[in-house]
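Engineer: These protein sequence lines map, in sequence, to chains A and B. For the first sequence, the numbering used here gives the first residue as 150, with consecutive numbering after it. For the second sequence, the numbering used here gives the first residue as 150, with consecutive numbering after it.
What the hints contain is simulated information worked out from the structure, not anything from laboratory work. If a hint is listed, it holds; no wrong ones were tucked in.
Here are the simulated DSS-like pairs of lysine-lysine, each with C-alpha atoms no more than 27 angstroms apart in a straight line:
#, chain 1, residue 1, chain 2, residue 2
1, A, K250, B, K250
2, B, K250, A, K230
3, A, K230, B, K159
4, B, K159, B, K262
5, A, K250, B, K230
6, B, K159, A, K159
7, B, K262, B, K230
Given the structure is predicted, the values throughout are model-derived calculations rather than measurements.
There are 2 protein chains.
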Amino acid sequence: MSAGVVSPEKIASALGEHWSPRVIAEVDDAYVKVAKVHGSLAWHSHDDEDEFFYVLAGTLRIEMDDRTIELGAGDAFVVPKGVRHNPVADDECLVMLIERKTTLHTGSTTTDKTRSIAEQLRPV
Amino acid sequence: MSAGVVSPEKIASALGEHWSPRVIAEVDDAYVKVAKVHGSLAWHSHDDEDEFFYVLAGTLRIEMDDRTIELGAGDAFVVPKGVRHNPVADDECLVMLIERKTTLHTGSTTTDKTRSIAEQLRPV
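Work out the full structure: start from the sequences and follow the hints.
Structural biologist: Below is the structure:
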C-alpha cells in the first residue's frame, strides 16, 4: 500500500481496546478517527462541535434525548453541537469519526473510557 | 431510515453526473461530500486546504507531481494543502470527500467539470 494510504476499517479492526479512538488522518482543523466499540460509551455533548459518525462494520445506535437512531454499515449521521447523545453498540462495531481537533470524545463527561488527544494520536 | 441518517454510497450511486460533488453533511466548517467519478478531473491544487478522499466503491488513482497512488474500496488518503493533484478513475468509482467549506473542488482551475458550492448543495 502506498505511503499515506490508509484503510480505516482495517485499522479499526486491529484495535485492541473498545471506545479508544485513534486518529488516522488530519484534515486542516479536523481529525478523522476510527474506533472499535462495544457496549455503551457515556451520555455527553459537545457544546461547540458537530460530530460525524460513519459505520464501517456492524451496527451503532445513537441515543439522544428525543429519539434514538440506528446506523448500519455504510450509514452516516451528524450529531449536531449541543445535542446530548450516547453511542451504544450491542455487538462489536467499527466506526469512522470526523471531529474538530478541539473535540473531547466524551465531551465534558469524564469516565474510565475517556482518552486524551495524545492517546488518540498514538501511531496505529 | 431515520431522519438525518444518510448512506453515502447509496447517494453517490444515484448521482446522474460524473465529477459533480454533492454535500451530504455539514460538520462545523467542513462539508462531507460524495461524488460519482469516471475519467480524469483536472490538475489543480488547494493552497490552504487539505482534502480527504475515501473510496466507497471502485478504484481511484490520484496523480501527483512526484508519485501516483491508487485507492481501492475502503481506502483513504489526504492530499495535503498545496500539492498539485489529478484524480483519475479508469472505471466508475464512488468517493466520499471531506473538504473545508471554502474549498473549490477544482482549486483555482476552472473547467467544464467545475461546480459551484451552490450546485454542490442541491438536495440529493
